[in-house]
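*Asks:* Spelled out from the first residue to the last, the chains are:
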Amino acid sequence: MDRRTFLKQVMLWSAGACFMPVFRITPDLLANEKVPARVVVANGTDYPSILKKAIESEGGMASIVKNGSKVVIKPNIGWDRNVEQGANTHPLIVKTLAEMALLAGAAQVMVFDRTCNEERRCYANSGIKDELETIRDKRIKCVHIDDRKFVPVQIEKGKSLDEWSFYRDALEADCYINVPVAKHHALAGLTIGLKNIMGVIGGHRGRIHWDMAQNLADLNTVIKPTLNVVDATRILTRNGPQGGNVKDVKKMDTIIVSKDIVAADAYATTLFGKKPEDIDAIRKAWESGLGEMDLFKMNIVKLS
Amino acid sequence: MTFRHLRIASQLLFLCIFLFLFRQTDYNGSDHIPYAVNIFFRWDPLVAFTVMVAKRAVILVFLPSLIVIGLTVVFGRVFCGWICPLGTLIDMSARWIKPLWKWRINKRPLKYMILAFVFGAAILGVQYIAFFDPFSILVRGLTFALDPLMNAVVTGFFDGIYTHLPSLVSNITEPVYTFLKETILPFKQTFFYLSGLSLLFLMFIFFLEKFERRFWCRNLCPLGALLSLLTRISFLRRVPFKSCSKCMACSLKCRMDAFEQEGRLMTEECNMCMDCMDFCPDKIVGFSFRKPVNRTKMNTSRRSLLKSALLGMGLPFVSGVNPAFNKEHPYLIRPPGALEEKDFLAVCVRCGECMKICIQNALQPVILEKGIECMFTPKLVPRFGYCEFNCTLCGQICPTGAIRKLNLPDKQKFVIGTASFDKNRCLPYDKGIPCIVCEEHCPVYDKAIKFKTVQSIDQKGNPVTLKKPYVVETLCIGCGICEKVCPLQGEAAVRVIAKSGQSEDGADDTGYGA
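First to last, the sequence lines map onto chains A and B.
Each residue of the first sequence is one higher than the one before, counting from 264 in this note's numbering.
Each residue of the second sequence is one higher than the one before, counting from 25 in this note's numbering.
Do not rely on the hints blindly, as some may be mistaken.
[Claimed, not checked] Which stretches of chain A does chain B cover? Using the computed rule of at least three CB atoms under 8 Å from a CB of chain B, they are: (1) 370-382; (2) 395-405.
[To be verified] A few chain A positions that, by computed beta-carbon distances, are all more than 12 Å from chain B: (3) Lys329; (4) Trp342; (5) Leu355; (6) Gln417; (7) Thr454; (8) Lys514; (9) Glu540.
It is worth saying that the hints were derived from the structure and are not from the lab.
Computed from a predicted model, the values in this text were never measured in an experiment.
Cβ atoms here follow ideal geometry from the backbone N, Cα and C, with glycine treated the same way.
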């Protein structure tokens, strides 16, 4: 290293040190490990009502949405598929969460996803846009991704990724509710909460696949959801994540709520007859200290 | 309020309708286009005639063209003067483009020659209308160039403010931007090949205004020529039939220069703008229904028409010796529902509507890869945009039926091509890196891209479990989403090859047709 590169690097690093702390994640994991992860599993066909019960059991919406806060609800709206096909989060769950957040005093509820198919078609066909419009509240913003809002973030705890761009609204949210749908995925095994973060990152997402499990764990160190709500009302058991045929969709009438994203995903694997350790991303996330994957160490609360 | 004011109001009204329909030529949140946004092509008798001649069939979607024909038989070329949006734009440009240069030869016969030429070619099933139909030129100019350009400029302006100026400023500009996006701007930025050329075509029409007003309409427009022929038997006639010798205002100021040397009005050259009613100091000019008597000769001869038609019939044979026209085109993928290639080329009027409405900006104009006859026809460029599985808009918008209207289940089975892997580049094969983004996106049930799970060794010599993708050719419909999402740089490692046997009469083994 010559003097010039040395100076350059020193300046770059110190510049980074000055500007980056905005999105630095504080090491709050140690504190979490003391209490066993709590997973609430609600069963029933009246989705809004079981969801409300589950969140009540988890401490109520008011405990996570403070008055006047900016809430992001991040469902999976990735595909131009309808509700029955099970490729996107159930619109009723998204709607109920939005209503509850408003009731808890949210100043703004943003709902968005970076879609795979054409965004207008996905928002329409998933039923989410229409369902949210029935609330008729201006604080709800169900908008399309604005490419200008992707900002590069240094992933400090990343093992395979050191930088990726994230959606600013997701980074700046006071409360981030992760609302994935549980689905089959050929490469990842299953796509649940951890993989749902793909919808708030920029760049060429295909590259994430090259080391999917570790990359997902790394990305999840940047945004840690305040709450995870896994939609397993119906699950796509084959030909995911797009699906397309209702023959592959299995009705489960289950909603999983947890503040621990790894625990929520770990429990969801059991619905597919799998074990948490079958899914590489869950294992890697656990290794990165993002949460609990051992079903026996969790506090699983079943409501029905 | 004179007829002239009425005419201007009508022109503005139809221009607004045209621009409104142009903006409506987009996905509107529903799978169906609610009304005839392509009406300007469907009531264009030139399009109707050439397509029906080329296809040798009566096509009912062209029924609205009878309206324009009927209108012309009764009122003369009112379509040119009162309705045509290109004519209106030309009239509006007169404020900035003044006819300063002189070019004294009689150019009027040209439009009849172009008309005969286009018909001659249509008889042999070849469409040259792309280069001459006013709406095709206008819509392509707007779709490929002006509309994307406007969006790029406006978006660039607001993006610049948003990115570089403090939020104090962008808090003011962003609502304006949002408002514009909801009203006049397209939903997203589009990109098109041939944008420059399409704009040049359009600009050329306005450039010609340097010579005389309505140059295009007087001398070149084949639709105008067709309507002129009908005007010979029309009933609404100007009285007096010639300009009186007193002030000559009507003949001197006529935007169509429709008066011949002796001052007689060439009825078929008049576009019924009715300005002369206003110019006339004595107010003696009027229009009334008369028996159609023509006091002037047509600006064309049977001989020149015949020659032009023969040229139109001869030119297609040149493509017979052009390898570009005859060889197989592996990457020339027609939209789903497109007719068999020969019929497609006969029926497609290159209006650009399918490319305008394509929700993924995936349909692009063909350049010269298949000869000049195929220029501006649509092709799918999957690396740029794929064919959306649940979308049937191009078939719905096509005004001529070159792309058939398919219902969704049929469209989802319609094969436009077949994906094929380049295993030398595909990551799991080439580098031992897991990928299968293509498989993930494949919309076909139960996946036209499947994979084999194999134990392999990666480039560092470590054992690795790989999923190696392959195409199930009986399932693949060629939508191209795999090619679009392939994370390789440059060309994708999976490419869609066009459905073979599309050009039925082309392509022997040498690639040079008979």
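*Asks:* Confirm or reject: A/Glu540 is not an interface residue toward chain B, with every Cβ-Cβ distance exceeding 12 Å.
*Replies:* holds, 15 Å
*Asks:* Test coverage of the region 395-405 of chain A by chain B using CB-CB distances below 8 Å; three residues minimum.
*Replies:* Violated - the region 395-405 of chain A has 0 residues with a Cβ nearer than 8 Å to chain B, which falls short of three.
*Asks:* Was A/Trp342 rightly flagged as not at the interface, with every chain B Cβ beyond 12 Å?
*Replies:* violated, 8 Å
*Asks:* Checking a non-interface call: every C-beta of chain B should be farther than 12 Å from the C-beta of A/Lys329. Is that right?
*Replies:* At about 23 Å from chain B, A/Lys329 clears the 12 Å cut-off, so the statement holds.
*Asks:* Would the non-interface assignment of A/Lys514 survive a Cβ cutoff of 12 Å against chain B?
*Replies:* holds, 19 Å
*Asks:* Looking at A/Leu355 again, its CB stays over 12 Å from all of chain B?
*Replies:* Holds, because the least Cβ-Cβ distance between A/Leu355 and chain B comes to about 20 Å, which exceeds 12 Å.
*Asks:* Verify this label for me: A/Gln417 is non-interface relative to chain B, using a Cβ-Cβ cutoff of 12 Å.
*Replies:* holds, 20 Å
*Asks:* Please confirm whether A/Thr454 is truly not at the interface, meaning its C-beta sits more than 12 Å away from all C-beta atoms of chain B.
*Replies:* violated, 9 Å
*Asks:* For the region 370-382 of chain A, does the count of residues with a C-beta closer than 8 Å to a C-beta of chain B reach 3?
*Replies:* Three-residue rule met by the region 370-382 of chain A, so holds; n is 3.
Violated hints, listed in ascending order, are 2, 4, 7; each of the other numbered hints is respected by the structure.
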